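Student: Generate the whole structure from the sequences, applying the supplied hints.
These protein sequence lines are chains U and A, in that order.
First residue of the first sequence? That's 28 in the working numbering, and the numbers climb one at a time after it.
First residue of the second sequence? That's 489 in the working numbering, and the numbers climb one at a time after it.
In case anyone wonders, no lab produced these hints; they're calculated from the structure.
Only a predicted model underlies this, so the values are computations on that prediction, with no experimental measurement involved.
Glycine included, each C-beta is placed from N, C-alpha and C at the ideal position.
Hints are supplied without guarantee of correctness; some may be wrong.
Pair by pair, the computed Cβ-Cβ distance ranges are [said to hold, decoys possible]: (1) U:Lys-147 with A:Lys-490: 27 to 37 Å; (2) U:Glu-413 with A:Glu-509: 54 to 64 Å; (3) A:Lys-490 with U:Glu-152: 38 to 48 Å; (4) A:Asp-531 with U:Gly-61: 40 to 50 Å; (5) A:Asp-531 with U:Ser-139: 52 to 62 Å; (6) A:Asp-554 with U:Gly-260: 45 to 55 Å; (7) A:Glu-509 with U:Arg-361: 21 to 31 Å; (8) U:Val-440 with A:Asp-531: 43 to 53 Å; (9) A:Asp-554 with U:Ala-306: 32 to 42 Å; (10) A:Asp-531 with U:Asp-236: 56 to 66 Å; (11) U:Gln-83 with A:Glu-517: 36 to 46 Å.
To give a feel for the contact side, a few chain U residues facing chain A, derived at Cβ under 8 Å [stated by the list, open to error]: (12) Gln-99; (13) Asn-144; (14) Asn-376; (15) His-378.
Computed far set for chain U versus chain A, every beta-carbon distance over 12 Å [to be verified]: (16) Val-161; (17) Glu-241; (18) His-293.
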Amino acid sequence: MTSTAKGDRIEGSERSTGGCPVIHLDASPPLEVGSHWQKANEMREASPAFFNTHAQGYWVFTRYDEVREMYQHPEIFSSESITPWEPDPVYRFVPTQIDPPEHAKYRQLISSWFAPNAVKRIAPEAHEIGRRLVADLAARGECDFVTDFAMRLPTEIFLTIIGVPNSDADLFVPWVEDFFAGFGGDLAQQEAMGAALGGIGQYWVDVLDARRHEAQPRENDFVSLLMHSEIDGEPLGDALILDILTVLVLAGLDTTRGQLGYLFRHLAEHPDDRHRLIAEPELIPSAVEESLRLYTIVFGDGRKVAQDTDFHGCPLTKGDMVYGLVSGANRDPRVYDRPDEFIVDRRSNNHLGFAGGPHRCLGAHLARMVMKVAVEEWLTVIPDFEVASVEPLMERGGGAMMTLLSLPLSWEVSA
Amino acid sequence: MKLSVSAELCRGHGRCYTLAEDLLEDDDEGYVSVRGLIIDVPDDQVDDARNAAGSCPERAITLLED
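Tutor: Okay, here's the thing in structure tokens:
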């Protein structure tokens, strides 16, 4: 997967890496579960920074302090591109790829909708959804957790908070699956990915049309709110609203599924932690945070250098791409005691699983609530379960967000 | 003990007011309501305050020992 070269010149180039070791790492292929975190650990302990010759070449920062610094300095590390192997993307996600100060205008429109108060408003419905999904599965005695439960739950809760029927998860679940099957680069899936994007777009066009010409915003209806909002005195317009809605779908559903898969694999394999959460359910939020730290689905996060900078000895040039290895940061022994262990009641857990700085995950509060609902409702009905696979589990590569490709679980069903 | 939250650094992660719920609360946008302020920490909440400060991914919280 990697080869480390000595010296500070990039092969075939006159460019200096300022003494940073040069590697070649392509993290996109699927691997056995845990391989990506293992790789991140090795890189972090070998050097705080690398120059990776993958694609056009980009810098990699492996430790907590440097990754946090990257997030907190958008004036140096722009979000114009967030994929280090694609410095000039043809798309521009809003607000994901907008830099301060313009970013705040878009962000403020959306952030109240996903703030803790707003998330609390739908918590009763979210628990109801969780109870129903667990009840549907319980009698089967087995399921593929990441497809049968972990995708469906965040999708239904997301649609609820947006204010459209949660039964439309029947449409969104296959769309999101098809999108990410193609997004990973599988050429056979490109047509399905395009069709999925088309389906998602048309769905929101229909939602917009149903609300057009309404004088007042509908209550508890996010699309209606956007249609009645202004930026700099101008309405947002259909194109921008569609862009925002599509970003929320693509950023929020598959990610929560991925994180839930790792948490439930842990619970399946660690009965002591499972039993502790049943006995002390007040520890569930802490366990959720620990899974975001230890099993972070963000292998790394990219930014584009906006000005020439010497960053901890790395001579960064405007236009260079950098990659903050979030999965390395979240297990950095300079920050965490017993960094590779799952500690249910860990204190001072300042993980970067939801990023940091101005682009801190907008859906963080919602994602936490979804994960809490999943654990509470599942453990109430299915307290004991195990991974039902003799083959090693595989995870999607770190090019997109990571997720287990399959998590077969089984449990005893009483007659 | 006193606690201060940097208005510049706070990004509304929500870790602090979740962990120190008797001391801190959120505003409508999800930021801690005392951004940019210095508050007193009652003796029985010092432990929660330490946990809140240590859990902030932005290191936006500073504790000032008496």
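Student: Next step is simple, just say for each hint if it's right about the structure.
Tutor: Hint check results:
no.: 1; hint: U:Lys-147 with A:Lys-490: 27 to 37 Å; verdict: 29 Å, holds
no.: 2; hint: U:Glu-413 with A:Glu-509: 54 to 64 Å; verdict: 35 Å, violated
no.: 3; hint: A:Lys-490 with U:Glu-152: 38 to 48 Å; verdict: 40 Å, holds
no.: 4; hint: A:Asp-531 with U:Gly-61: 40 to 50 Å; verdict: 44 Å, holds
no.: 5; hint: A:Asp-531 with U:Ser-139: 52 to 62 Å; verdict: 35 Å, violated
no.: 6; hint: A:Asp-554 with U:Gly-260: 45 to 55 Å; verdict: 50 Å, holds
no.: 7; hint: A:Glu-509 with U:Arg-361: 21 to 31 Å; verdict: 29 Å, holds
no.: 8; hint: U:Val-440 with A:Asp-531: 43 to 53 Å; verdict: 52 Å, holds
no.: 9; hint: A:Asp-554 with U:Ala-306: 32 to 42 Å; verdict: 37 Å, holds
no.: 10; hint: A:Asp-531 with U:Asp-236: 56 to 66 Å; verdict: 59 Å, holds
no.: 11; hint: U:Gln-83 with A:Glu-517: 36 to 46 Å; verdict: 38 Å, holds
no.: 12; hint: Gln-99; verdict: 7 Å, holds
no.: 13; hint: Asn-144; verdict: 6 Å, holds
no.: 14; hint: Asn-376; verdict: 5 Å, holds
no.: 15; hint: His-378; verdict: 7 Å, holds
no.: 16; hint: Val-161; verdict: 25 Å, holds
no.: 17; hint: Glu-241; verdict: 24 Å, holds
no.: 18; hint: His-293; verdict: 20 Å, holds
Consistency with the previously given hints fails for numbers 2 and 5, ordered from lowest to highest.
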